[in-house]
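*Asks:* Guided by the hints, dock chain B onto chain A, whose structure is given.
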Amino acid sequence: MHDSNCLSAMVISHQKLADVLVVVLQGRFDAPSAPEAERAFKDYLQDGTRKVLLDLSGVEYISSGGLRVIIMVSKALERAQGTLKLCGLTPFVSEVFEITNLSKRYQICTTREEGLEAFAYQEA
Amino acid sequence: MVMEDDIRLEVATKPRLLGVVRAMVRSYLQSKGFSAETVDLAVLAVDEACANSIRHSYGSRTDCRMELRVRMTDTHVEFELNDDGVPLDPDRCARRELVPPELNALRPGGLGVQLMYRVFDEITFEPGGERGNRTLMRLQRPPSGQSARRAHDA
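Here the protein sequences come in this chain order: A and B. Counting from 1, one number per residue, gives the positions in the first sequence under the numbering used here. Counting from 1, one number per residue, gives the positions in the second sequence under the numbering used here.
Derived from the structure by calculation, the hints contain no laboratory data. It cannot be assumed that every hint is accurate.
What the hints assert, rightly or not - Restricting the straight-line Cα-Cα distance to at most 20 Å, the calculated cross-link-like pairs of lysine to aspartate or glutamate (DMTMM-like) are:
1. A:Lys16 / A:Glu113
2. B:Lys14 / A:Glu113
3. A:Lys75 / A:Glu38
4. A:Lys42 / A:Glu98
5. B:Lys32 / B:Asp121
6. A:Lys104 / B:Glu97
It should be emphasised that the depicted structure is a prediction, and the values quoted were computed from it without experimental measurement.
Excised from the complex, chain A in its bound form:
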């Protein structure tokens, strides 16, 4: 993992595939970028979306600030009987999920396709 561009902002994009909202994060997901992500998620969930797949394949660095946003999103979804799944964790992000035990809390898929399949399977 590199930390070469310490000032790079996080890029957030989203795409609705059937009833699954795929949210793609790229860059650094830490304390400085967490408020922007939190605002984005609040917007995304306003329309009653209950299935969210968070694609972290472009996240090069995550700290507790980013993890806290993920936990808040999942709790908001749970209150609405929704589900959060994750995919594309890089080795570093995966290690952080392991040492914080968050890997036991979420369904983590290897790829975005696998994540979408998991939602379809959940439906069946």
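*Replies:* Positioned in the frame of chain A, the structure of chain B alone reads:
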């Protein structure tokens, strides 16, 4: 034996400047032969310590200063973080198990401090009397000629 600091870095409490701290820590540990995985996690843990100081000791003020000292002993690399903010609550700094699904993670300082415990071999939080905090974080040196060491299990 008191070891001399290799590095003393004084930095303003601006979150964006933590990138400078991370880059310094990364470069230092790489030069000392730590494995890539250990370097990544140690950078994260020092980042958490600094973010904790900004957020909780200084209440997210950006016009304060904190100091990071780095040194090697015969057995460990030591990171010493000093600030002049509000002394941290010792209860907030205690090690806890992170048990899903609750995780106790949304409490202020909860997750960051627990991450630090899982990366470093030893952590000492020393809140000052009326002002200030000293946080000492120690990581075992890699055996000479090797560069392998994993972070602690959760």
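*Asks:* The structure should be examined with respect to each hint, and the outcome stated for every one.
*Replies:* So, going through the hints one by one against the coordinates:
Between Lys16 of chain A and Glu113 of chain A, the direct Cα distance comes to roughly 14 Å. Compliance with the 20 Å bound is thereby established for this hinted pair. Between Lys14 of chain B and Glu113 of chain A the CA atoms are separated by roughly 39 Å; this puts the pair beyond 20 Å, and the hint is violated. Straight-line distance between C-alpha atoms of Lys75 of chain A and Glu38 of chain A comes to about 13 Å, which keeps the hinted pair within the 20 Å bound. Using a Cα cut-off of 20 Å, the hinted pair Lys42 of chain A and Glu98 of chain A is violated, with the two alpha carbons roughly 27 Å apart.
For the given pair, Lys32 of chain B sits about 17 Å from Asp121 of chain B by alpha-carbon distance, which is consistent with the 20 Å threshold. For the hint linking Lys104 of chain A to Glu97 of chain B, the alpha-carbon distance of about 14 Å falls within 20 Å, and the restraint holds.
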